[in-house]
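Protein chains in written order, with our numbering: chain A, 1 to 335; chain B, 1 to 335; chain C, 1 to 335; chain D, 1 to 335.
Hints are computed from structural coordinates only; laboratory data are not their basis.
It is possible that part of the hints are untrue.
Derived DMTMM-like pairs: lysine to aspartate or glutamate, alpha-carbon spacing no greater than 25 Å straight-line [stated by the list, open to error]:
(1) D:Lys256 with A:Asp275
(2) B:Lys32 with D:Asp48
(3) D:Lys257 with B:Glu212
(4) A:Lys32 with C:Glu50
(5) B:Lys302 with A:Asp317
(6) B:Lys32 with D:Glu50
(7) B:Lys302 with A:Glu105
(8) D:Lys302 with C:Glu57
(9) D:Lys256 with B:Glu213
(10) C:Lys256 with A:Glu50
(11) D:Lys256 with B:Glu57
(12) B:Lys32 with D:Asp301
(13) D:Lys257 with A:Glu318
(14) B:Lys32 with B:Glu57
(15) B:Lys256 with D:Glu23
(16) A:Lys32 with C:Glu57
(17) C:Lys66 with B:Asp275
(18) C:Lys302 with C:Asp317
(19) D:Lys32 with B:Glu8
(20) A:Lys256 with D:Asp48
(21) C:Lys66 with A:Glu318
(22) D:Lys302 with C:Glu50
(23) A:Lys257 with C:Glu7
(24) B:Lys32 with D:Glu57
(25) D:Lys257 with A:Asp317
(26) A:Lys66 with C:Glu50
(27) C:Lys32 with C:Asp45
(28) B:Lys199 with B:Glu141
(29) B:Lys257 with D:Glu50
(30) C:Lys153 with C:Glu15
(31) B:Lys32 with D:Glu23
(32) B:Lys66 with D:Glu7
(33) D:Lys256 with A:Glu50
(34) A:Lys32 with C:Glu7
Computed from a predicted model, the values in this text were never measured in an experiment.
4 protein chains.
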Amino acid sequence: MQEQATEEQVQQVIERLINMGFEVHRSTGALKTVLGAVGERREFDIRDIEVLPGVGEVHRISSPYKLVARNFRPEGTIVRFPNGVCVGGDQVAVMAGPCSVESREQVLAVAESVRRAGASFLRGGAFKPRSSPYTFQGLGEAALKLLREAADKFGMLVVSEVMEISQIPLMLPYVDLLQVGARNMQNFNLLRELGKVRKPVLLKRGIAATIEELLLSAEYLMAGGNYDVIVCERGIRTFETYTRNTLDISAIPIVKKLSHLPIVADPSHGTGRRDKVAPMARAAVAAGADGLLIEVHNCPDKALSDGAQSLYPEQFDELMGQLRVIAPAVGRKLA
Amino acid sequence: MQEQATEEQVQQVIERLINMGFEVHRSTGALKTVLGAVGERREFDIRDIEVLPGVGEVHRISSPYKLVARNFRPEGTIVRFPNGVCVGGDQVAVMAGPCSVESREQVLAVAESVRRAGASFLRGGAFKPRSSPYTFQGLGEAALKLLREAADKFGMLVVSEVMEISQIPLMLPYVDLLQVGARNMQNFNLLRELGKVRKPVLLKRGIAATIEELLLSAEYLMAGGNYDVIVCERGIRTFETYTRNTLDISAIPIVKKLSHLPIVADPSHGTGRRDKVAPMARAAVAAGADGLLIEVHNCPDKALSDGAQSLYPEQFDELMGQLRVIAPAVGRKLA
Amino acid sequence: MQEQATEEQVQQVIERLINMGFEVHRSTGALKTVLGAVGERREFDIRDIEVLPGVGEVHRISSPYKLVARNFRPEGTIVRFPNGVCVGGDQVAVMAGPCSVESREQVLAVAESVRRAGASFLRGGAFKPRSSPYTFQGLGEAALKLLREAADKFGMLVVSEVMEISQIPLMLPYVDLLQVGARNMQNFNLLRELGKVRKPVLLKRGIAATIEELLLSAEYLMAGGNYDVIVCERGIRTFETYTRNTLDISAIPIVKKLSHLPIVADPSHGTGRRDKVAPMARAAVAAGADGLLIEVHNCPDKALSDGAQSLYPEQFDELMGQLRVIAPAVGRKLA
Amino acid sequence: MQEQATEEQVQQVIERLINMGFEVHRSTGALKTVLGAVGERREFDIRDIEVLPGVGEVHRISSPYKLVARNFRPEGTIVRFPNGVCVGGDQVAVMAGPCSVESREQVLAVAESVRRAGASFLRGGAFKPRSSPYTFQGLGEAALKLLREAADKFGMLVVSEVMEISQIPLMLPYVDLLQVGARNMQNFNLLRELGKVRKPVLLKRGIAATIEELLLSAEYLMAGGNYDVIVCERGIRTFETYTRNTLDISAIPIVKKLSHLPIVADPSHGTGRRDKVAPMARAAVAAGADGLLIEVHNCPDKALSDGAQSLYPEQFDELMGQLRVIAPAVGRKLA
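Bound conformation, chain A alone (with noise of 0.2 Å):
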């Protein structure tokens, strides 16, 4: 309450609070009354309260999510995948292809190099929505087509994003692993529709959104029934122009305080620009992710989609040399 506040002000509050459905207890200070409220109820909006006459500051003790949380599942998640490979344990999951699926022989080739290099799964977009209504869109079904082929030779596992409903039952024949991308994440219909789904779905972070918002969306699959989820951190918007978007690096660490989801990092789109890539992977893995996202292209110079940001297949072989030496410095190893 503000120091100024009257008794009959405190006592609205109070009321309010317990029709609420909270135990209210109450700190008289020498400047100022404390009310703490104790309850169950989850979905309640502090400002209802902030707006009350006589209110100073609220503030939200719980946190507003339950099974995304650390203590619900202390020793952390694995998720596993039919082949036995685990995202969430000591290994740090690789996934790695083009963004756009283009032709067989690009994913083919994309596949047979980032699988020698060391991935476990293949990456590639099937579906391709810009923000330019004038450009390259996606090759749709016939792309999922080839990431299934290309994976299946190699002994890969499929990770394709999924854009909306109606694109579930397509998708899930093709792939092991739904990605809802950045501008889905606060999509809650299709996060309710995910959350009935039992496949393994990666969630990656809105450029605008607090960590809080990223486990509140992961919060949407689990409370649907799917436990197998993966949290991603793309990078954010900020006020440096230089790259494309901030990669927030310690999201990774936060993330596995708060929540006992595995979290892997996309520094292909954090970065947008190749000669950054790299660099970003690294302290990725140094600084504790479980995996990582990576774009490479047979022919980065050719690509129909940001060819900018697309490591050359030597260029990742390099890279991963150098993600065998660090990755023991945090317990973990490379597939």
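Following the hints, put chains B, C and D in place on chain A, whose structure we already have.
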């Protein structure tokens, strides 16, 4: 080109640009070489040039949008509604109503009071996906019927948010202005479908979207054939935590310079706090906004969502009186 | 405390808080324990508690400032100047003039025209350290003499920026209002010295400063004994690049709620572009600002600094006319 | 130029550019005219052209700095200290010590333990102006003497922050590396004086400073004649509130590309929380940092400032062990 770029590198860049369809102009200075690429290709990713060897910096000179640019319609767009109401001319259009539709009694009461105060649009949410999975999610089609009934009774227009492609046919019979929320500003599939609709669209700026990105999303709508687009400033995410978002009032004169589209402001979501709504609404009109979107509730303390940012009817009345004084300063009037 | 905190951990935190001089209130709920620390100690770093084992979250309930808080002077501060001009009452005070003082002819010409239009303060920079080491750096004391001469001739007050402790004695004979620039908002040594001065201070918000930090810097001045403080919103740094900074208009009603100090806005530095100055100046007054700081130059095209954001005298005239219409909407008037 | 610009407007702009000393190249395309201005004038304010009638957009192609640019010293700068320690070569230099110097016992204890773990610089604050006027403000010259004594005893170098021009002569006898804090990054008077000093300077990035602005401030130092400059990333202000600031790890590879200057990272201030320091320190080295600045305290729970972000000596030991594993991945080694 960088100062130390070789002639061979310069030639490679020139060749690449010509292959991309540009005409190239070369200026060789004492210190460095500058290349100008002139052409019609709008979907060009400047990073493809940035990563070539020897390149210093690349700047896009042409704006990436065409139909929304001011010089496409220098006189400015006026969106005209069936009952004669216009957005974009010399009138300031006020859209008011509850955050969510909760009951027939509520909608009728709010509609009557905001109409009497001078609002020409009734706003209200039918679908309310929320960031927490544990809160009120909206009444759906029943809400749309109540909005239509109330609007017809008091001679108003209906504006309500569409969140998915599948909701479009459901909403068309009830709604005069289809609102695209901040989280969907870059849902390009949704924008593409709305481009085919023959009803006006109100496009809200995403909380991390630049003004250029907002206009590019408007371009999607216009490229699809829907020229009746109104954009809306509703606050961006900044480091300041006192308000939920920072309402970027300067976006108003900027959009008016860059584009012919009308722009309105939403001070309710932009600030998130009732006592800041009136000052920011006045500021928006003083800066030249074509309209306002304001949450009003007959009983904000009992609102099922966002009650803390809803005005009481008498506060809305008082605000409208202030706006009637301010509007003439910018050559406008209120209904 | 975290849900899994042990009783021993709870006791350690309680002990630590008591050692720090707080009285501790304990609420034990079904899920977790909440501790309330009540006391007078304002210099407390909440992170010292956050890092203790078992602690979940720590919130500061009391505001960290005291003298600048609204309840210290609920009626609001009015800063009174020798010639009877006031900042903070029912008048909107306008401070106008060139970015830098360049010549006697320039200062007299600008002073005459802004005075005629209604400005009561003449602004102008004497010291101009710039972000590039290769640009114009200001005329120094000669500039101060010219400002004083022009202000006296036209019955105005002088406001000019002080950049270092050593400049204070130099400026006192010439200046009525000492401006602290955005980059010095947290130059605490300078603030401490200005706290001892018996002249009003205009404190500008830093481009990355929260409103709380701005008020904490004002507290430095008041804690030193100088109660004549005016704060100034001049734009914050955000991801938007079209404007130099984003003028945070919402800071105006927020400061007026949290503090008794007057607040003015600087739309010239806040936008950096001449054609955005008038809309943002109107917005600031409509939102309740106590005054404006505006750059006007008799010949902006030849200005030695910031010409691009300076108004032509006739634009300033027109703006003042608009402000005379708007001010009464918020119960204010222009000189 | 805008598409609808008249020939007369084009001629006016050309004339203005020529008057400013540029050579002008003109490209006339189907839709618009592009003007290229080539010349040596670095202090040019692009907004002076932006506001001319008919102008569409203006871009600066040449970087505004010269001496700090990578091509000024393509091989990279190595800052050499009297005892043979280097910053910028193949060694990762570690600077460690308490936030503030508090007592002789404290400084000696911390110096001994960080030296044994491998640090080559002893850091510590002598002057501590704080954002609250009610907190500990530092020991001053006594602190400098203690730092020198401890450094000499254990064969270390001293780095400490200089906050004002008047402190420079006081510090020179005691300090090997003069640190400029984030709040002073654009204190150009201070930078100008430090440009004349013949001791290395460690320049910290401001929390709202772009990388270009950081380099421009380094240019001030070099323009004054001091070529021994090390820059430091210490976190920027973003919307994320979980950490005090967001340590921008990507600034490390970016600075190394744009400039020849060494760059170190400060994960203590960059995160503000002890448990995030080690992950971010590892990330910085993995991304290619030339060194680290880390707060270590023999008894953080009793520290007079920033105890919450100080490592315990044993945590620092463990971190140094991890860094010895990581450094070889990027071709570096630890002392």
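Cross-check of the supplied hints:
With a CA separation close to 11 Å, the supplied pair Lys256 of chain D and Asp275 of chain A stays within the 25 Å bound. A hinted pair counts as satisfied when its Cα atoms are at most 25 Å apart, and Lys32 of chain B with Asp48 of chain D qualifies at roughly 23 Å. The hinted pair formed by Lys257 of chain D and Glu212 of chain B fails the criterion: a straight-line CA distance of about 28 Å is larger than 25 Å. Our distance criterion of 25 Å between C-alpha atoms is met by Lys32 of chain A and Glu50 of chain C, whose separation comes to about 23 Å.
Only pairs whose Cα atoms come within 25 Å are accepted, and Lys302 of chain B paired with Asp317 of chain A is rejected, the gap being roughly 60 Å. Pair hint Lys32 of chain B plus Glu50 of chain D holds up; C-alpha atoms about 23 Å apart against a cutoff of 25 Å. A threshold of 25 Å between alpha carbons decides the hint, and for Lys302 of chain B with Glu105 of chain A the separation of about 61 Å lies outside it, so the pair is violated. For the proposed pair Lys302 of chain D and Glu57 of chain C, the alpha carbon gap of about 20 Å is at most 25 Å, so the pair holds.
With a C-alpha separation of about 30 Å, the suggested pairing of Lys256 of chain D with Glu213 of chain B is violated against the 25 Å cut-off. Pair hint Lys256 of chain C plus Glu50 of chain A holds up; C-alpha atoms about 17 Å apart against a cutoff of 25 Å. Only pairs whose Cα atoms come within 25 Å are accepted, and Lys256 of chain D paired with Glu57 of chain B is accepted, the gap being roughly 16 Å. For the given pair, Lys32 of chain B sits about 57 Å from Asp301 of chain D by alpha-carbon distance, which is inconsistent with the 25 Å threshold.
Simply put, Lys257 of chain D and Glu318 of chain A have alpha-carbon atoms about 19 Å apart, close enough for the 25 Å limit, and the pair holds. For the proposed pair Lys32 of chain B and Glu57 of chain B, the alpha carbon gap of about 12 Å is at most 25 Å, so the pair holds. For the suggested pair Lys256 of chain B and Glu23 of chain D, the alpha carbons sit about 34 Å apart, so the restraint of at most 25 Å is broken. At roughly 21 Å between alpha-carbon atoms, Lys32 of chain A and Glu57 of chain C fall within 25 Å of each other, so this suggested pair holds.
For the suggested pair Lys66 of chain C and Asp275 of chain B, the alpha carbons sit about 23 Å apart, so the restraint of at most 25 Å is met. Restraint check for Lys302 of chain C and Asp317 of chain C: satisfied, since their Cα atoms lie roughly 20 Å apart, inside the 25 Å limit. Taking the CA atoms of Lys32 of chain D and Glu8 of chain B, the gap is near 30 Å; set against the 25 Å cutoff, the hint is violated. Distance restraint check for Lys256 of chain A and Asp48 of chain D: the Cα-Cα separation of roughly 50 Å exceeds the 25 Å cut-off, and the hinted pair is therefore not satisfied.
Note on Lys66 of chain C and Glu318 of chain A: the hinted pairing is violated, with a Cα-Cα distance of about 58 Å set against a maximum of 25 Å. For the hint linking Lys302 of chain D to Glu50 of chain C, the alpha-carbon distance of about 14 Å falls within 25 Å, and the restraint holds. Proximity of Lys257 of chain A to Glu7 of chain C is assessed by CA-CA distance (about 21 Å); at most 25 Å being required, the pair is judged to hold. A distance of roughly 21 Å separates the Cα atoms of Lys32 of chain B and Glu57 of chain D; the hinted pair therefore holds under the 25 Å criterion.
Between Lys257 of chain D and Asp317 of chain A the alpha-carbon distance is near 22 Å, which keeps this suggested pair within the 25 Å criterion. Restraint check for Lys66 of chain A and Glu50 of chain C: satisfied, since their Cα atoms lie roughly 20 Å apart, inside the 25 Å limit. The suggested pairing of Lys32 of chain C with Asp45 of chain C holds, with an alpha-carbon distance near 23 Å, which does not exceed 25 Å. With a C-alpha separation of about 18 Å, the suggested pair Lys199 of chain B and Glu141 of chain B falls inside the 25 Å cut-off, and the hint holds.
Only pairs whose Cα atoms come within 25 Å are accepted, and Lys257 of chain B paired with Glu50 of chain D is accepted, the gap being roughly 13 Å. At roughly 66 Å between alpha-carbon atoms, Lys153 of chain C and Glu15 of chain C are farther apart than 25 Å, so this suggested pair is violated. For the suggested pair Lys32 of chain B and Glu23 of chain D, the alpha carbons sit about 13 Å apart, so the restraint of at most 25 Å is met. Between Lys66 of chain B and Glu7 of chain D, the direct Cα distance comes to roughly 22 Å. Compliance with the 25 Å bound is thereby established for this hinted pair.
Taking the CA atoms of Lys256 of chain D and Glu50 of chain A, the gap is about 48 Å. The hint is violated against a cut of 25 Å. Between Lys32 of chain A and Glu7 of chain C the CA atoms are separated by roughly 28 Å; this puts the pair beyond 25 Å, and the hint is violated.
Checked against the numbered hints given earlier, this structure breaks hints 3, 5, 7, 9, 12, 15, 19, 20, 21, 30, 33, 34; the rest are met.
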